[in-house]
Amino acid sequence: MTNISLPIDQYDAALGAFLGACVGDAAGAVLEFMGRTPNAEDVAHALTMPGGGIWNVAPGQITDDCELALCLALGLAQSRHFVREAIAQSYARWIESQPFDIGTTTVQSLGSFQQEPWRAKAQSHGYAAAMSQAAAQRCMGSKSNGSLMRAAPLGIWSHRFTPVDIGEFARLDSC
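Residue 1 is where the sequence shown starts when you use the working numbering, and the numbers rise one by one after that.
It should be emphasised that the hints constitute simulated quantities derived from the structure, not laboratory data.
In this text, a Cβ means the ideal position worked out from N, Cα and C, and glycines have one as well.
Honestly, I wouldn't trust all of these hints.
Think about it this way: if two alpha-carbon atoms lie no more than 25 Å apart in a straight line, the pair counts; the simulated SDA-like pairs of lysine to any residue are [stated by the list, open to error]:
#: 1; residue 1: 121; residue 2: 160
#: 2; residue 1: 143; residue 2: 99
#: 3; residue 1: 143; residue 2: 28
#: 4; residue 1: 143; residue 2: 55
#: 5; residue 1: 121; residue 2: 175
#: 6; residue 1: 121; residue 2: 108
#: 7; residue 1: 121; residue 2: 102
#: 8; residue 1: 121; residue 2: 51
#: 9; residue 1: 121; residue 2: 139
#: 10; residue 1: 121; residue 2: 168
Using C-beta positions, here's what the derived DEER-type ranges look like [as the list claims (entries may be wrong)]:
#: 11; residue 1: 15; residue 2: 43; range: 19 to 29 Å
#: 12; residue 1: 107; residue 2: 56; range: 12 to 22 Å
#: 13; residue 1: 101; residue 2: 16; range: 37 to 47 Å
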């Protein structure tokens, strides 16, 4: 794992961004797939972190969105460089853990290594190659925002890179 020191104000901002994303995810978990637009009372209740909802989550439990953000963070922490295969392996471990919810686009792209022909591709060329090829073939019409919902760790980790580099890292993580 890499060890990078940040000034305390940047550390606080980074921690706040990531924890804020997790808190928002946990609060929203009880509202997900509710079948209607939540009203103010629904939102106020969700902000108490009661748990429940369609997935019957525990109080304060995050969903697949922040679980994948944690996977991205773990993959990024392996190196000072963007190592796509380390990130893909982290996603694969999560898929294999049989999480309670996985979005369709995530299954078709990140979960592709469990199916042929991408299983063979993962074995011969790595998880990242298999996932990327599957995403290109199966998900180009998707309107999913999963790669945005897990982006906080990428923003934090890439603080020392140029905006062009950061954009490329985001693109690589998304396909």
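Consistency of the hints with the structure:
no.	hint	verdict
1	121 with 160	violated (33 Å)
2	143 with 99	holds (22 Å)
3	143 with 28	holds (20 Å)
4	143 with 55	holds (22 Å)
5	121 with 175	holds (15 Å)
6	121 with 108	holds (15 Å)
7	121 with 102	holds (22 Å)
8	121 with 51	violated (39 Å)
9	121 with 139	holds (17 Å)
10	121 with 168	holds (23 Å)
11	15 with 43: 19 to 29 Å	holds (25 Å)
12	107 with 56: 12 to 22 Å	holds (21 Å)
13	101 with 16: 37 to 47 Å	violated (26 Å)
In summary, the structure is inconsistent with hints 1, 8, 13 from the numbered list given earlier, while agreeing with the others.
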